[in-house]
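K.L.:
Chains A and B are the protein sequences, given in the same order. So the first sequence is numbered by this note's numbering: it starts at 1 and just counts up by one. So the second sequence is numbered by this note's numbering: it starts at 1001 and just counts up by one.
These are calculated hints, taken from the structure and not from any lab test. It is possible that part of the hints are untrue.
[Claimed, not checked] Below 16 Å or equal to it, Euclidean Cα-Cα: the simulated EDC-like pairs (lysine to aspartate or glutamate) are:
#1 B:1073 <-> B:1185
#2 B:1073 <-> B:1259
#3 A:268 <-> B:1090
#4 B:1056 <-> A:7
#5 A:239 <-> A:211
#6 B:1289 <-> B:1316
Note that this is a predicted model, so its numbers are computed, not measured.
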Amino acid sequence: MNVRTIDAGRQGVLAQIGEVWKQHELMFLFVRRHIASRYRQMALGGLWAVLEPLAQLLLMSVVFGFLLRVQSNDYPYAVFLFSAMIPWQHFGRTTMAVAGSLQENMALISKVYFPRLILPVSAVFRELFDTGLQILVLIGVAAWFGYYPSLWLLVGAPIVLLLVSLAGLGLGLCAAGVIVRYRDVRPFLGIALQGGMYISPVLYAASIVPERFQFLYQLNPMYWPIEAFRWMLLGQAMKFSWALPITAIMVVLLLVIGLVLFTINERKTVDVL
Amino acid sequence: MSSELAIWCEGLGKRYLVPHRQVEATSLMEDLRDHLKEYTGLAGRDESADYFWALKDVSFEVKQGEILGIVGKNGSGKSTLLKILSGVTEPTTGRARLRGRIGSLLEVGTGFHPDMTGRENVFMAGALLGLSQAEIRSHFDEIVDFSGIERFIDVPVKRYSSGMYVRLAFSVASLLRSDILILDEVLAVGDAAFKEKSEKIINRIAHDGRTVLLVSHNLSAIRHMCERAIVLNEGRMIADERPDEAVRSYLQVVHDEGEEKIDIRTLPPRVDISERDDEDYPRTFNTLKWAEISGPDGPSRTLRTGAPMTLRFGYEMPELVDPCYFTVFVLNDVGDRMFVSYSYHDQDQMSFPKSGVIECHIDALPLLDGAYTIELDFGRLSEGDVRYLDFVPRVLEFMVEQGDYFGARPLVRNQGNFAVRTRWKSGVGSAVGIDG
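Using the sequences provided together with the hints, build the complete structure.
P.N.:
Below you can see the structure in the form of structure tokens.
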């Protein structure tokens, strides 16, 4: 029989990851539970996952694409925008969901033992679910404009989204433990993400950034998933730059730091008097 | 840890930093320092006044299949101990080892999500316990059956009444085969039928070799369900002994009588109660002055089952009350009244001199082993109604020993409070059936 030792110093990061793997059923239960509770009492249910981004898309297309005529490299603005919004919003939502995952479940954490890492991980999966729905809509919108999904998209989109999830997980984990005590961090994070959207090529084409700033611009980790989506869906050319491997390392580091910070913080969260 | 132990813990302690908000105008630096201290345990002078030890140096062992009771005043650290053992919070010092799966019911409806149905919550709770979905499925029917809420199993849990909540939570916790079951005060909620059921289940669980940790304020439940009990007070363990002894230690602390176990037998058989003043019963008509208890061999705090008992007490009425009465209450260690005797029940005596000494005599004390308490009362009789004037709770405690009342085979503890002589006759009827 399993002997559990409780000590003043708890499990390390690797042990926690191991636990999450072992308890994957529980993790998926959390995902299901959240999705079910979100949609259960809403009349339009799952439709909202789709309606909300569509409404946003419509509004922004009219303002930025039509009224302001923002540069979109000759692609129809709606598709141009939407293909970038999917990875960006996935990043934003994943980060916020992960960051708030401990706070939301305080009642549970303070009564039952389970590997806490399950909460942020389940947040990642449930955002993947929502984004998955949105991709279907994206394919629909793009097709309407004449851009049909290529094999690249079908294979590449999940991969890119997974990588974006990891980035969101990393950033969110750094914040998750802290948010329980200092709730300000949450809106602060929200504002930072808003800012992040403007320095990423979501609303406009990356090509409008002057040449001498391009490298710096490309150090934004979200630059790459966004351009990747545009390439997969629209066929917009993508050029390799050394910024890519650098951002990859940044993301990995972020994830590692996030895991460590999370492990340190989650122990203390229950003791917030 | 030896294989027959289910739980072992040593030196467990839990310290919290208490935020000081007395002076509002603390500087930003001090505020920051406080936060840093709480957060990282570093920074600045370590004033012990800033810390609060919810639990300090607690060590004990629990064998497999044992039912251990945990009692203590509110705030004594019981919940903190359970939280540590359940893995919900980390200890500041010490360590513990637990063998097997741990199921905790730290609060009713732990882990239940209000929007999900009972069914979904059962699966969730089981998963939290570490069981696979398949295992839960195999026990599902049994759980629903036991909880008695089959009709509502697919209704969102937020619609349940608190009783249904408890029943479901408890049946999940107890039937999902955890090796160690930790229960925090959950027997308090729930109706009588549920209480009976849960006690039966707990006993069955222990019988199956599973271990139970039971925290409860219900002292009689602790007494007859647990084989051992520990008493916590202000974060420290002050006793680890048989349930009836533990209950006494706990009550002693509750009554502010200190933690040192007082042996009733060593106390003087005569007490002065003229100065006694209990908050709840102010002595506005101070009449009862002293009391003395005697057995067949003279004044003593130790009496015997079936033997004579005499209670003498002295009184002085501030002014003559006529008609009046005196009452003697005898209670057991957990405060249940065993029997009561009113002065007017014997020969209808209703007049007493203004001051004097009264003797109450019982020919054969019907009480079994244990510690008992006497309470005295004095009041006015008016139109057949009693109106109390002076009451002294917990006048004195005394011990009763069974001795050889039942001959060579005395009654085992916790089998009741009264000694009843019964005559058994065999061969009274012929047939085995009811009509015989």
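K.L.:
Next step is simple, just say for each hint if it's right about the structure.
P.N.:
Structure-based check of each hint:
{"no.": "1", "hint": "B:1073 <-> B:1185", "result": "holds (12 Å)"}
{"no.": "2", "hint": "B:1073 <-> B:1259", "result": "holds (13 Å)"}
{"no.": "3", "hint": "A:268 <-> B:1090", "result": "holds (8 Å)"}
{"no.": "4", "hint": "B:1056 <-> A:7", "result": "holds (15 Å)"}
{"no.": "5", "hint": "A:239 <-> A:211", "result": "holds (13 Å)"}
{"no.": "6", "hint": "B:1289 <-> B:1316", "result": "holds (7 Å)"}
When each numbered hint is compared with the structure, no violation occurs for any of them.
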